[in-house]
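Dock chain A against the given chain L, drawing on the hints supplied.
Protein sequence lines, in the order shown, are assigned to chains L and A. Residues 0 to 88 (numbering that gives the first Met the number 0) make up the first sequence, in order. Residues 0 to 170 (numbering that gives the first Met the number 0) make up the second sequence, in order.
Quick caveat, the hints were computed from the structure, so don't treat them as lab data. Treat the numbers as computed from the prediction; the structure is a model and nothing was measured. Please note: incorrect hints may appear among the correct ones.
On the chain A side, residues computed to face chain L include the following (Cβ under 10 Å) [to be verified]:
| hint | residue |
| --- | --- |
| 1 | A33 |
| 2 | Y47 |
| 3 | L55 |
| 4 | L137 |
| 5 | F149 |
The C-beta atom is built at its ideal place from N, Cα and C for all residues, glycine as well.
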Amino acid sequence: MFGCGVYGFITRRNMIAILISLELMLNAVDINFAVFNRFLFPGQMEGMFFSLFAIGLAAAETALAIAIVINVYRAARNVDIRQLTKMKF
Amino acid sequence: MESLGSIIAYFIIAIAIIVFSVLAMTSGKILRAATYLLFVLFATAGIYFQIGYEFLGAVQIAVYAGGIMVLFVFSILLTHKPGANAPRLTNHKRWLGLSAALLGAGVCLYSLLSYGSMMMQKMPDNFSIDIHGIGQALLSTDKFGYLLPFEAMGILLLACIIGGVVIARKR
Numbered sequence: 000m001f002g003c004g005v006y007g008f009i010t011r012r013n014m015i016a017i018l019i020s021l022e023l024m025l026n027a028v029d030i031n032f033a034v035f036n037r038f039l040f041p042g043q044m045e046g047m048f049f050s051l052f053a054i055g056l057a058a059a060e061t062a063l064a065i066a067i068v069i070n071v072y073r074a075a076r077n078v079d080i081r082q083l084t085k086m087k088f
Numbered sequence: 000m001e002s003l004g005s006i007i008a009y010f011i012i013a014i015a016i017i018v019f020s021v022l023a024m025t026s027g028k029i030l031r032a033a034t035y036l037l038f039v040l041f042a043t044a045g046i047y048f049q050i051g052y053e054f055l056g057a058v059q060i061a062v063y064a065g066g067i068m069v070l071f072v073f074s075i076l077l078t079h080k081p082g083a084n085a086p087r088l089t090n091h092k093r094w095l096g097l098s099a100a101l102l103g104a105g106v107c108l109y110s111l112l113s114y115g116s117m118m119m120q121k122m123p124d125n126f127s128i129d130i131h132g133i134g135q136a137l138l139s140t141d142k143f144g145y146l147l148p149f150e151a152m153g154i155l156l157l158a159c160i161i162g163g164v165v166i167a168r169k170r
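One chain only, chain L, in its complex shape:
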């Protein structure tokens, strides 16, 4: 799942698809935190809280990134990152 996320992050040429692959990677890491917490240290809850805060962080980051994407689309009529070269220097 993490590998799929990395693959999509590098190969996709669409900003929203890149966001989707970012969500895949975050979810893979969350699963690992929760499962390792459950199997190795079942009395404590650190991994679960880390997953909880990571979910909250992912929500914030996605909302902000989608605001940026919509703004870029409004400015350039496009979300293809090969053609968004106006702000490069």
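Below, chain A alone, put in the same frame as chain L:
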């Protein structure tokens, strides 16, 4: 966890996660990719429910499958013509992405297998996390308390709301 039915359910969930994440990355239409991502998120919540973290599964469904997917679908419909296919990839990019993905998967597998002996032991069964304990831990200030990250998340979400409004506002 040790019974046969839960093991079968675990394998079904795991195979569903793998298949749908591969499909989400390889499908041409962006809306279909978002739908496959929704299935992956639901299966992840299923894993959380299965290992006993009901609160985490509920948060996963509410935040991801409820909020983030609606945001994705809205932004896809705002920025794409329906039914448009993604252009074909060039070979160079595909090999670069595939090698990076295999490298990441290899590192994950190595770290998993090096702890494999610890994972093979039986999971303790007397286990319950209640909502009361979660709430106490989130708002306590002693050693295993999480008040400071909780407040930091609150500030971060507030900043995110203001930033989103400022960025997406019409000028």
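Per the CB criterion, is L137/A less than 10 Å away from chain L?
Where the cut-off is 10 Å and the nearest Cβ of chain L is about 8 Å from L137/A, the hint holds.
A33/A as chain L interface residue, shortest Cβ-Cβ below 10 Å
Holds: closest Cβ of chain L sits about 6 Å from A33/A, inside 10 Å.
Checklist entry - Holds or violated: is the Cβ of Y47/A closer than 10 Å to a Cβ in chain L? => result The hint holds - Y47/A has a Cβ within 10 Å of chain L, the shortest such distance being about 6 Å.
For the hint on F149/A, just tell me whether its beta-carbon gets within less than 10 Å of chain L. holds (8 Å)
message = Hint validation: L55/A versus chain L, beta carbon distance must be below 10 Å. Holds or violated?
response = At 6 Å from the nearest chain L Cβ, L55/A passes the 10 Å test, so the hint holds.
When the structure is compared with the earlier hints, no violation turns up for any of them.
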